[in-house]
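Residue numbers (the numbering used here), protein chains in the order written: chain H, 6 to 275; chain Y, 6 to 275; chain F, 6 to 275; chain Z, 6 to 275.
Each hint should be verified, as a subset may be incorrect.
When chains are identical, the list treats them as one kind, so a pair holds in a single copy or across two.
List of simulated lysine to any residue pairs, SDA-like, C-alpha gap at most 20 Å [to be verified]:
| hint | residue 1 | residue 2 |
| --- | --- | --- |
| 1 | Lys182 | Leu249 |
| 2 | Lys182 | Val253 |
| 3 | Lys33 | Asp74 |
| 4 | Lys33 | Ala122 |
| 5 | Lys33 | Ala72 |
| 6 | Lys182 | Val252 |
| 7 | Lys169 | Asp243 |
| 8 | Lys169 | Arg248 |
| 9 | Lys234 | Val145 |
| 10 | Lys234 | Val143 |
| 11 | Lys182 | Gln193 |
| 12 | Lys33 | Pro70 |
| 13 | Lys182 | Gly71 |
| 14 | Lys234 | Glu144 |
| 15 | Lys234 | Asp165 |
| 16 | Lys234 | Thr146 |
| 17 | Lys33 | Arg123 |
| 18 | Lys234 | Ser136 |
| 19 | Lys121 | Thr209 |
Keep in mind the hints are simulated off the structure, nothing from the lab.
These are the residues of each chain, in order.
There are 4 protein chains.
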Amino acid sequence: MYRARASIRLSSTAQANNESRKSFMSNKSAGPVAAELIADLAAASRILAAHGVVDGFGHVSLRHPGAPDRYLMARSLAPALVTPEDIIEYDLDSNPYNANGRTSFLERYIHGEIYKARADIHSIVHSHSPSVVPFGLVEVTMQAMFHNAAFIAAGVPVFDIREKFGATNMLVGDAQKGVALAEVMGRQDLVLMRAHGSVACGPTLQTAVFRAVYTEVNARIQHWTMALKPGAPIAALDREEGRLADVVNQTAGMRAWELWRVEIRAAVNW
Amino acid sequence: MYRARASIRLSSTAQANNESRKSFMSNKSAGPVAAELIADLAAASRILAAHGVVDGFGHVSLRHPGAPDRYLMARSLAPALVTPEDIIEYDLDSNPYNANGRTSFLERYIHGEIYKARADIHSIVHSHSPSVVPFGLVEVTMQAMFHNAAFIAAGVPVFDIREKFGATNMLVGDAQKGVALAEVMGRQDLVLMRAHGSVACGPTLQTAVFRAVYTEVNARIQHWTMALKPGAPIAALDREEGRLADVVNQTAGMRAWELWRVEIRAAVNW
Amino acid sequence: MYRARASIRLSSTAQANNESRKSFMSNKSAGPVAAELIADLAAASRILAAHGVVDGFGHVSLRHPGAPDRYLMARSLAPALVTPEDIIEYDLDSNPYNANGRTSFLERYIHGEIYKARADIHSIVHSHSPSVVPFGLVEVTMQAMFHNAAFIAAGVPVFDIREKFGATNMLVGDAQKGVALAEVMGRQDLVLMRAHGSVACGPTLQTAVFRAVYTEVNARIQHWTMALKPGAPIAALDREEGRLADVVNQTAGMRAWELWRVEIRAAVNW
Amino acid sequence: MYRARASIRLSSTAQANNESRKSFMSNKSAGPVAAELIADLAAASRILAAHGVVDGFGHVSLRHPGAPDRYLMARSLAPALVTPEDIIEYDLDSNPYNANGRTSFLERYIHGEIYKARADIHSIVHSHSPSVVPFGLVEVTMQAMFHNAAFIAAGVPVFDIREKFGATNMLVGDAQKGVALAEVMGRQDLVLMRAHGSVACGPTLQTAVFRAVYTEVNARIQHWTMALKPGAPIAALDREEGRLADVVNQTAGMRAWELWRVEIRAAVNW
Chain H
6 MYRARASIRL SSTAQANNES RKSFMSNKSA GPVAAELIAD LAAASRILAA
56 HGVVDGFGHV SLRHPGAPDR YLMARSLAPA LVTPEDIIEY DLDSNPYNAN
106 GRTSFLERYI HGEIYKARAD IHSIVHSHSP SVVPFGLVEV TMQAMFHNAA
156 FIAAGVPVFD IREKFGATNM LVGDAQKGVA LAEVMGRQDL VLMRAHGSVA
206 CGPTLQTAVF RAVYTEVNAR IQHWTMALKP GAPIAALDRE EGRLADVVNQ
256 TAGMRAWELW RVEIRAAVNW
Chain Y
6 MYRARASIRL SSTAQANNES RKSFMSNKSA GPVAAELIAD LAAASRILAA
56 HGVVDGFGHV SLRHPGAPDR YLMARSLAPA LVTPEDIIEY DLDSNPYNAN
106 GRTSFLERYI HGEIYKARAD IHSIVHSHSP SVVPFGLVEV TMQAMFHNAA
156 FIAAGVPVFD IREKFGATNM LVGDAQKGVA LAEVMGRQDL VLMRAHGSVA
206 CGPTLQTAVF RAVYTEVNAR IQHWTMALKP GAPIAALDRE EGRLADVVNQ
256 TAGMRAWELW RVEIRAAVNW
Chain F
6 MYRARASIRL SSTAQANNES RKSFMSNKSA GPVAAELIAD LAAASRILAA
56 HGVVDGFGHV SLRHPGAPDR YLMARSLAPA LVTPEDIIEY DLDSNPYNAN
106 GRTSFLERYI HGEIYKARAD IHSIVHSHSP SVVPFGLVEV TMQAMFHNAA
156 FIAAGVPVFD IREKFGATNM LVGDAQKGVA LAEVMGRQDL VLMRAHGSVA
206 CGPTLQTAVF RAVYTEVNAR IQHWTMALKP GAPIAALDRE EGRLADVVNQ
256 TAGMRAWELW RVEIRAAVNW
Chain Z
6 MYRARASIRL SSTAQANNES RKSFMSNKSA GPVAAELIAD LAAASRILAA
56 HGVVDGFGHV SLRHPGAPDR YLMARSLAPA LVTPEDIIEY DLDSNPYNAN
106 GRTSFLERYI HGEIYKARAD IHSIVHSHSP SVVPFGLVEV TMQAMFHNAA
156 FIAAGVPVFD IREKFGATNM LVGDAQKGVA LAEVMGRQDL VLMRAHGSVA
206 CGPTLQTAVF RAVYTEVNAR IQHWTMALKP GAPIAALDRE EGRLADVVNQ
256 TAGMRAWELW RVEIRAAVNW
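Produce the complete structure using the sequences and hints provided.
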């Protein structure tokens, strides 16, 4: 079904011509990326949409495999519509390299600033999944309800944009807000955003997507668990169990990605 | 996929012949409307059905772009079945201009009377989405749980038809009831109807649909938030955050409409 | 799309040959039924499955239009698989007339005994929809949360098979149990069955299906309403509002049936 | 639609060649199994996925019909992708006979050790369905909410891997953990696993799948029931009702399997 295609050149002559008048723009692409990787990144958008993690909004990025100071992400587009042709290269200040007139996501600074702060993170998912939002609105800590969401046992900080920036449009729409978000996230791989959504990260695209999907499932399980016996202690994964189970998720757990990728390939030819 | 078609004449000879015996009926169409706009209005019905905002019932209208004293809405039909051919022109007393024997929605007065009272509103959605109904049944105020539902931060009044009209069939089935509903709604863009449903409005078709969809999502988030920690304060959007975020929703937020419209076009040829 | 077909003879020679040894069996069919009606009854099964009211189990019946002492119902089969050819004629003791070796539902006595007790009822739906079951398990009365479920305002009794029959397999598997169920239902059109499911009835097939669907939706709304503010009074439809709104549901409300029937016709050719 | 095919030889020459260096491996297949049975087992995986009982993870096994010391289960693969060609034969120590380089599920010891301990069990489903997980996290006993989940009335023990094994990756990844799980399960047919999932068993493949599906449905009903009136007594099936209703589920209840199998056959040719 899937066939490797020639790698897609991310630069273009048209883009080069625009560079003189866009001083903020990076002036050199980090080079081509394997087409299969670009296709996987586009597929990741659709996988997240298919699982209800993202709807018309949300985005997933990948650190450039050959240049740690660059990342790849779709142009501003509903995740379910993303194709490999929509992927843009950004520097870590979130300036697009090859936008060619295409609009960028307003909140791309989430990605750029986390990549700056955390060399171990190579993929990031930002979403507003309805089950997760409540945990950013009341003082209840998200815990790891089952092994598939093991990484949550490390702790889940909440970013409130109001603390540093007062009343805003709620978006992480510039670098300073991205920096503040990355600071609150610290060494965790998940951060909730008050009255907005969340960000899930991982060392690979597959792990970031896996974590975003199971953060959503975990949130649903925690809602039901807490409703079942309000105030009762929950026998969630402890920190050590979380660490051990997360190791398995990053290898054997990739069976889920295999399924999800096949499902997307059934609908597109990349 | 989509091709612009010649604009649809909303009048007809057959209709003209009926005018003498229907004294209440407007005697002149406000003129043709661009086919693309009519198609978007029909698509809006199907978008709302696809998102579970409406089921076999509910309706969406658009103020006539060339005549503020007219509005456009489907004949009485399940939203998922609406086509451009089903759109009827109404005056603001909710008299159909070109019904040609087609049945009108019993509750069209919701639309006519709100358009009369609020010159800034150009599109209206009426629905009974299950997540929203509870907020009209107990004394709990709907709040804006996340930025996509920002417009809710302005406040959400509840219309109880029983207060002015006693025991009824619960429908806004005449002009007086429409006036009473519009009065309760006041300057807000959302009004709940006790034991019935809700009405979401906007300055454009796209914004009204967006608000109806995210009112439903917001209701689900608020249910889970309140169950998570009963009685706890909720860090919802405040009024100023709501105002600022709503501005973004009306522009960048239209990315969702783009997706939804494409999804409908995949099933129909208009 | 739909074309009227010749009416289906419900009798058969093979059946006639079996009659001598099956003394309990009715010895004469009440005569052929219009094919369109049989198709609507089969479609009703699939509509209920499509709306999650029934799953692999549940059944819907129709009183014979020409013989009030007979009713029509599918052979024992998952509702989503029912075709017009699966419809069997029963007398009100729930003996099949033209089974021809086909198995009957164990709980057909629900239908026969209610038809005996209530001349005004012409269609019955039995289901186990998950949202409804809880109202038969704890002491909380189902109320009419919105106009589409108006008929619920008349009251909803609960049948506990244990009261009269002790420990059983929970099924209404004989006439005595059917009689007991019909007695508890009384003059209402909905009865819940403890730890089992419910029965919704109506004067027409369309109304019974409509009521079964909106009983399920109403249950979901009531769950959320009660969770939203535990113990608070609910501004549900009162008895008079329920009576008035139910009248509308039986006429204008049939717009939903139109949609549902079209959806089934998109998958089958009857 | 379905056509019986020649039975599939589960052994192979390639496999035989590997035997010398895999001392732990069983050295003789228990012999071929009817292709229809293998197809049913593969279909069971997809049925469970279609009902949300399993997602990218989970597995279902069948005791070898001709050799009680062997069982059949898919290679490590997402349940929705399983085909008859993926089925592997295992001995009860969970050593694969004909893996041929294919990876086995890490948690196959769940199956092997339960088959050892319980001669009456011929099929096992392991899953992480979100509605069920909460009952392993707080002290609330799962009860049989309706007749379709009757087998639950016999009681539902909870296995906490931490009790005997301390901090682990949460997986039943070796024989000792499988033994411990089987001990906690005892004479019941369902066991919950803390912060992980559950195991449902039965005397036939069809009954195990039926029980896994209705355990999930039952969990959802119990969540809503307990939320409806917190702390109130629940009129669930008692032990005797459970026993009686379970008998019916194992025969007439198989109507559901018929539907589910047809649904899978609509997508595959086996």
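Taking the hints in turn, this is what the structure says about them:
| no. | hint | verdict |
| --- | --- | --- |
| 1 | Lys182 - Leu249 | between (33 Å within a copy, 16 Å between copies) |
| 2 | Lys182 - Val253 | between (34 Å within a copy, 17 Å between copies) |
| 3 | Lys33 - Asp74 | within (12 Å within a copy, 56 Å between copies) |
| 4 | Lys33 - Ala122 | neither (22 Å within a copy, 57 Å between copies) |
| 5 | Lys33 - Ala72 | within (12 Å within a copy, 53 Å between copies) |
| 6 | Lys182 - Val252 | between (32 Å within a copy, 19 Å between copies) |
| 7 | Lys169 - Asp243 | between (32 Å within a copy, 16 Å between copies) |
| 8 | Lys169 - Arg248 | between (32 Å within a copy, 19 Å between copies) |
| 9 | Lys234 - Val145 | both (15 Å within a copy, 7 Å between copies) |
| 10 | Lys234 - Val143 | both (18 Å within a copy, 7 Å between copies) |
| 11 | Lys182 - Gln193 | within (18 Å within a copy, 31 Å between copies) |
| 12 | Lys33 - Pro70 | within (16 Å within a copy, 47 Å between copies) |
| 13 | Lys182 - Gly71 | neither (27 Å within a copy, 43 Å between copies) |
| 14 | Lys234 - Glu144 | both (17 Å within a copy, 8 Å between copies) |
| 15 | Lys234 - Asp165 | between (29 Å within a copy, 19 Å between copies) |
| 16 | Lys234 - Thr146 | both (16 Å within a copy, 11 Å between copies) |
| 17 | Lys33 - Arg123 | neither (23 Å within a copy, 53 Å between copies) |
| 18 | Lys234 - Ser136 | both (19 Å within a copy, 14 Å between copies) |
| 19 | Lys121 - Thr209 | within (16 Å within a copy, 40 Å between copies) |
The structure shown violates the earlier hints numbered 4, 13, 17.
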